[in-house]
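J.: Listed below, chain by chain, are the residues.
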Amino acid sequence: MAAKISLRNVTKQFTVRPGKGSKASRRSQDSQPGAAGKTGTQEPATLTALDSLSLDVRDGEFLTLVGPSGSGKTTLLDLLAGLSTPTSGEVLVDGRPVTGPGKDRAVVFQQYALFPWRTASANVSIGLEGRGIDGRKPNRRERAAKASEYLKLVGLAGFEERFPHELSGGMKQRVAIARSLAYQPDVLLMDEPFAALDAQTREQLQDELLRIWRATGKTIVFITHGIDEAVYLGQRVAVLSARPGRLKEIVDVDIPDRDGEDDIRSHPAFVEQRHKVWTLLHDEVRLAQDAGHRKILPDGTAPDEIPGTTLERSAA
Amino acid sequence: MTTTLAQQPAASAAPKQAPAVGHSGPVEEGRRSTTAIPAFVRTAAARAGSALWKSAGIIAFLALWELGPTYLASPSTRVFLPPLHEVVAAWGKLFESGTIQGHLAASLTRSVSGFGGALVAGVSLGLLIAWYGRLNSVLNPLLELFRNTAALALLPVFTLLLGIGEESKISIVAYAAFFPVLLNTIAGVKTVDPLLIRAAKSLGLSSLALFRKVILPSAVPTIFTGIRMAGTASILVLIAAEMVGAKAGLGYLIVNAQSSFLIPDMYAGILTVSLLGLSVNFLLVALERHFSRWRTAVGSGS
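As they're listed, the protein sequences go chains A and B. Per the numbering used here, residue -16 is the first one in the first sequence, and the count goes up by one each step. Per the numbering used here, residue 9 is the first one in the second sequence, and the count goes up by one each step.
These are calculated hints, taken from the structure and not from any lab test. Note that beta-carbon positions come from the ideal geometry of N, C-alpha and C, so glycine has one too.
Beta-carbon label-pair distances, calculated as ranges:
#1 B:219 with A:128: 25 to 35 angstroms
#2 B:50 with A:149: 23 to 33 angstroms
#3 A:178 with B:219: 22 to 32 angstroms
Here are a few chain B residues that sit away from chain A, every Cβ distance over 10 angstroms (derived from the structure):
#4 47
#5 59
#6 78
#7 84
#8 92
#9 131
#10 144
#11 291
#12 293
Using the sequences provided together with the hints, build the complete structure.
T.: Written as structure tokens, this is what we have:
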């Protein structure tokens, strides 16, 4: 099968600015209180988030991506989305280098990122407000119809006029998924989309996502913390190493009778694959923990990062 | 706003029904509760009860104003602090002769034109400054300097440069209203959730669309806070400016009444100023509600 997305020797480096208790770190969902103090007096340092990573994603594939905290998962997704550019190497989608965000790719964020002043319907249709692929602008009624169609696809028919604050977390994420699907991208990039949901809602949405994937045939790159989730959803699981992120291994998930009614999670094949991924990840997680790696924020700062340890490893 | 919306129909329904049913309150109450919306009447009654409770402070104050001068104050103080009914009577006379309307119109013209100018200038310049970070770093110290210079301190400057006519008063109102609007606009644009910007970019929105569809709407509540502050500031400064040099306006009315020893008239002027301030604030709050109704119901009780 042809490669839909290919990453060739992609390296991404950030210049880490000294930790600051200002806007960026305070507003971030990821910064922990009290953690910023550690980085009061450091000089700008280079931090390698991804180190010559090569990866092919096949057309129509569901690829899940796991890795320890700070292994550059979100960085990788940003590169694929075109929200940032690699320091070196190439990111290709359909054989063409990615130069910026495009209508062929959509991103689903962990924190939903819905526009709170728009109703569910208006949120879904925001991607349709510009010129479509055929060069014409859909009018208001066409957009609303499209929005209803996709809200129905994610199981939210009848919630068109609700504002995001009137929806539960799971419903918000459904709206976000509908929004990404509405402008019909080929590729869906998902950054821990179900991490903030409760276990029951998460399982439900996982199944819905699989259903949508089968119905639409999109290529999905799905980042997750959860090994279970990665094995459950993915046709292949890509395991990243601790920072600097490299591709450690790709595990082919081969579970017979996936569409059956049985609980796949207790199937021997599932358990076996899960254990395989767990083993691969386990060492890396420990490495990352010892090095004190934390998440890099989208603007390239790592407010709670301890610099010495990262430099050691990225120099190696 | 919800209270007013609910009460307005009730208030407009009552006079219509009053002639038909006569003045038998309970009958009217029973009749209305049997119509299509009995729950509505119940909530209206509950609202009226809570409104009564909320206005208890004001009623107590007015009672003190009415009774205090008569029974508590010495006769000499009573001259300078007339009881409420005298003030209301004076207000009525001023209203009948059209004096108060004239002064109110003069004040309103000035504050509306000054405030409007400040609004347009403040919002557009604020958006510009927030969008171009470079501009912000140049202008920010200057803006801080101007902002912290009390507007009234500049009143002599405005009077010298623009004369004692309308221009100087409108300009100083505009000056006082400009900074809250400007600074809140800048703050509103700068505090847009970065995640929303990322999401908008990933949706392929152009810079202009990003600004129009994400940054502006998300800044609206903060901008409105500035507008409300500006509303208060503009009335404050206007009254002071009118007290110093004017031939019409509420500030002039107050000072003129004082110097002519028409003490009840002076209080009538003061009362009008507070009512004007209240209604301006009420209007702005209603507007703010309208434009921010997507927000979670934080503080909707106030």
